[in-house]
Each structure stands twice: as structure tokens, then as C-alpha cells.
Amino acid sequence: MPAGRHPDHAPLELERFVPYQLSIVSNTVSQAIADDYQARHDLGVTEWRVMAVLARFDGLSAREVAERTAMDKVAVSRALARLVAAGRVRRHTHASDKRRSVLGLTAAGWKIHDEVAPMARQRERELMERLAPEEQAWLRRILDKLMPQDGHE
Numbered sequence: 001m002p003a004g005r006h007p008d009h010a011p012l013e014l015e016r017f018v019p020y021q022l023s024i025v026s027n028t029v030s031q032a033i034a035d036d037y038q039a040r041h042d043l044g045v046t047e048w049r050v051m052a053v054l055a056r057f058d059g060l061s062a063r064e065v066a067e068r069t070a071m072d073k074v075a076v077s078r079a080l081a082r083l084v085a086a087g088r089v090r091r092h093t094h095a096s097d098k099r100r101s102v103l104g105l106t107a108a109g110w111k112i113h114d115e116v117a118p119m120a121r122q123r124e125r126e127l128m129e130r131l132a133p134e135e136q137a138w139l140r141r142i143l144d145k146l147m148p149q150d151g152h153e
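Sequence positions in the sequence shown follow the UniProt record's numbering and run 1 to 153.
These are calculated hints, taken from the structure and not from any lab test.
Check the hints yourself; a few may be wrong.
Said to hold, decoys possible - Below, in silico cross-link-like pairs of lysine to aspartate or glutamate (DMTMM-like), each with a Cα-Cα straight-line distance of 20 Å or less:
(1) K111 / E67
(2) K111 / D36
(3) K111 / E64
(4) K111 / D58
(5) K145 / E135
(6) K73 / D58
(7) K145 / E67
(8) K145 / E134
To be verified - Ranges between beta-carbon positions, derived for each pair:
(9) T106 / R141: 34 to 40 Å
(10) R130 / S77: 33 to 39 Å
(11) A107 / A10: 20 to 26 Å
(12) K111 / F57: 35 to 41 Å
(13) E15 / R78: 29 to 35 Å
(14) E15 / D35: 22 to 28 Å
(15) A108 / F57: 17 to 23 Å
Predicted, not measured: the structure shown is a model, and the values here were computed from it.
All residues carry an ideal CB built from backbone N, CA and C; glycine is no exception.
Sequences are here, hints too, so could you generate the full structure?
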């Protein structure tokens, strides 16, 4: 029997399995962007995603950051702890709900964001340039349809 063949099983044909393909594309693009900022800013992918969400939606709780990124709450919590310790994110008590912590970028966090975001946009442009304009429009429509519809626009 040839190596890698299992006649009694039906393994997924991963190279044609859409969730796998989406994951590979996402990881490849994320790592390309990360290559631009990791060494320069000592910043991991999870930390950058947290910063990007807080730049777009100031005043979220840690739970809301995890929801908006679809990342594991523990990973988000660890990233937030590192970002707060590094002075890139501030955590303070919500004005009207003293039980709730809210998060936002500090001046140092904004400085990094404002350097990394244009690099991320450039990587996105490079990816999209591989597609014809009509394909780009279709990809955006398809991704919009596939995104969770939970009110986080």
C-alpha cells in the first residue's frame, strides 16, 4: 500500500477543504504582516490583533475583544496582560459600571498602531492585486456573507 493511503478511512482532502484553505491563507497573510512588525516592536500576532481591534473600537472589555477577534479568551487575556505591562494598552474602570474594565490604546500603543497599520494595508493590497478587480469584488462579497452576523460591524 502506498505511503499515506488508508483504505479503511476517508481522510479529508485538505487541499480542497474550504476551512483549511481559509486558515492557510489567513495564517500566511498574518505571518507576512507579522514579519514586518514582530522584531521591530516585540509584538505577536495575537497582540497586534488586539491592538487593531482596540484602535477600531475603543472602550471594549476583554470579553468583547475576544468576541470581535474570534480568538480564545485565554489568548486574548495573555496578550492584554503583555500589552498593559508594556504600556501599549490602558485598562480602567467603566464610568457608569464600576464592575467593568474597559480597554484602549495608550499613546505608545497608537504610535505602534500608526506604524503597523499602513504595513498591514500594503500586505492586503499585495494579496488583492493577485486577483482581477471583478474577483476582488466577489471575494469581498463572499467574505461578507461568510462573516459571523452578530452585530459587530
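query = Going back to the hint list, which numbers does this structure go against?
reply = Those not satisfied are hints 1, 3, 11, 12.
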